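Engineer: Spelled out, the chains give:
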Amino acid sequence: SQQGEEDPQALSIQEGENATMNCSYKTSINNLQWYRQNSGRGLVHLILIRSNEREKHSGRLRVTLDTSKKSSSLLITASRAADTASYFCATATRRGGKLIFGQGTELSVKP
Amino acid sequence: DTEVTQTPKHLVMGMTNKKSLKCEQHMGHRAMYWYKQKAKKPPELMFVYSYEKLSINESVPSRFSPECPNSSLLNLHLHALQPEDSALYLCASSFTRAGTTFVDEQFFGPGTRLTVL
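Chains as they are written, first to last, in my numbering: chain A, 3 to 113; chain B, -4 to 112.
Treat the hints as calculated values from the structure; they're not laboratory data. Computed from a prediction, not measured in an experiment: that's the story for all the values here. A couple of the hints might just be wrong.
[Stated by the list, open to error] Straight line, CA to CA, 25 Å or less: simulated BS3-like cross-link-like pairs of lysine-lysine:
| id | chain 1 | residue 1 | chain 2 | residue 2 |
| --- | --- | --- | --- | --- |
| 1 | B | K14 | B | K48 |
| 2 | B | K17 | B | K36 |
| 3 | A | K72 | B | K36 |
| 4 | A | K112 | B | K35 |
| 5 | A | K28 | B | K14 |
| 6 | A | K72 | A | K100 |
| 7 | A | K112 | B | K36 |
| 8 | A | K72 | A | K58 |
| 9 | A | K71 | A | K28 |
| 10 | B | K48 | B | K31 |
| 11 | B | K35 | B | K4 |
| 12 | B | K36 | A | K100 |
| 13 | A | K71 | A | K100 |
| 14 | B | K33 | A | K100 |
| 15 | B | K48 | B | K13 |
| 16 | B | K35 | A | K100 |
| 17 | B | K35 | B | K48 |
| 18 | B | K13 | A | K28 |
| 19 | B | K31 | B | K17 |
| 20 | B | K14 | B | K4 |
| 21 | B | K13 | B | K33 |
| 22 | A | K100 | B | K31 |
| 23 | A | K100 | B | K17 |
| 24 | A | K28 | B | K35 |
| 25 | A | K100 | B | K48 |
| 26 | B | K4 | B | K33 |
| 27 | B | K31 | B | K4 |
| 28 | A | K28 | B | K4 |
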């Protein structure tokens, strides 16, 4: 079964608003990563948070990790039309040697 | 150079054809991956190579045959595919440490859009 589940499946907001996406997973992890994918293109790595970290920032992105609840959130502040994309969380377990992707959130930012 | 390149960008093939997808990176990464992605779905891992050795095969049908000729190149050989194999095929690479299963951030190529008629 999928390691990561995301919600919402789709999110539509206006430019300038904040967007929050959530990811839940089932087993212990080594790290959790967030990726963005523009339509039909390759994935772009956004941020990696390790299991011993609780929060990480990168520009307009803020990621939190709660290992007790097995969940993570991605916050995009002051969104732009160019942020329109699919966002995936992916988990790396301690011995798995691979990433397992969540179902993704489709974000639409309207100008 | 932080780019992963994939060729071709698009491929249309019949069910009896043999074709190959190619992937190249020059970041010195020793882990390389093949993923399959259907529309509006997450990428599904197919194969992982670590230090040019196949380390993970996610029970992929034998009509898909991976090859890692050297540390910069990854191929996926296709033979006798089915229409349901039509998808976006993504290659990725990442840093790894020998003898470990550590998974770092992955760098993805733009993908090959495969259509099987």
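Engineer: Holds or violated: are the alpha carbons of B:K33 and A:K100 at most 25 Å from each other?
Structural biologist: 19 Å, holds
Engineer: When you check the alpha-carbon spacing of B:K35 and B:K4, does it fall within 25 Å?
Structural biologist: Distance ~19 Å between B:K35 and B:K4 Cα, so the pair holds.
Engineer: Given the proposed pairing of B:K35 with A:K100, does the C-alpha separation stay at or below 25 Å?
Structural biologist: 21 Å, holds
Engineer: Between the alpha carbons of A:K100 and B:K31, is the straight-line distance 25 Å or under?
Structural biologist: 14 Å, holds
Engineer: Would you check the hint for A:K112 and B:K36, treating anything up to 25 Å between C-alpha atoms as holding?
Structural biologist: 23 Å, holds
Engineer: Straight-line Cα separation of A:K28 and B:K35 no greater than 25 Å?
Structural biologist: It holds: about 22 Å lies between the C-alpha atoms, which stays within 25 Å.
Engineer: Between B:K36 and A:K100, does the CA-CA distance stay at or below 25 Å?
Structural biologist: With Cα atoms ~18 Å apart, B:K36 and A:K100 stay inside 25 Å; holds.
Engineer: Under the criterion that the straight-line Cα-Cα distance not exceed 25 Å, is the pair B:K48, B:K31 satisfied?
Structural biologist: 20 Å, holds
Engineer: Do the alpha carbons of B:K31 and B:K4 lie within 25 Å of each other, as the hint requires?
Structural biologist: Holds, because 14 Å separates the two Cα atoms, which is no more than 25 Å.
Engineer: For the pair supplied as a hint, A:K112 and B:K35, confirm whether the alpha-carbon distance does not exceed 25 Å.
Structural biologist: Distance of about 20 Å is within 25 Å: holds.
Engineer: Is it true that the CA of B:K31 sits at most 25 Å from the CA of B:K17?
Structural biologist: Holds - the C-alpha atoms of B:K17 and B:K31 are around 14 Å apart, at most 25 Å.
Engineer: Under the criterion that the straight-line Cα-Cα distance not exceed 25 Å, is the pair B:K4, B:K33 satisfied?
Structural biologist: 16 Å, holds
Figure legend: structure checked against the earlier numbered hints; hints not met, in rising order: 5, 17, 18 and 28.
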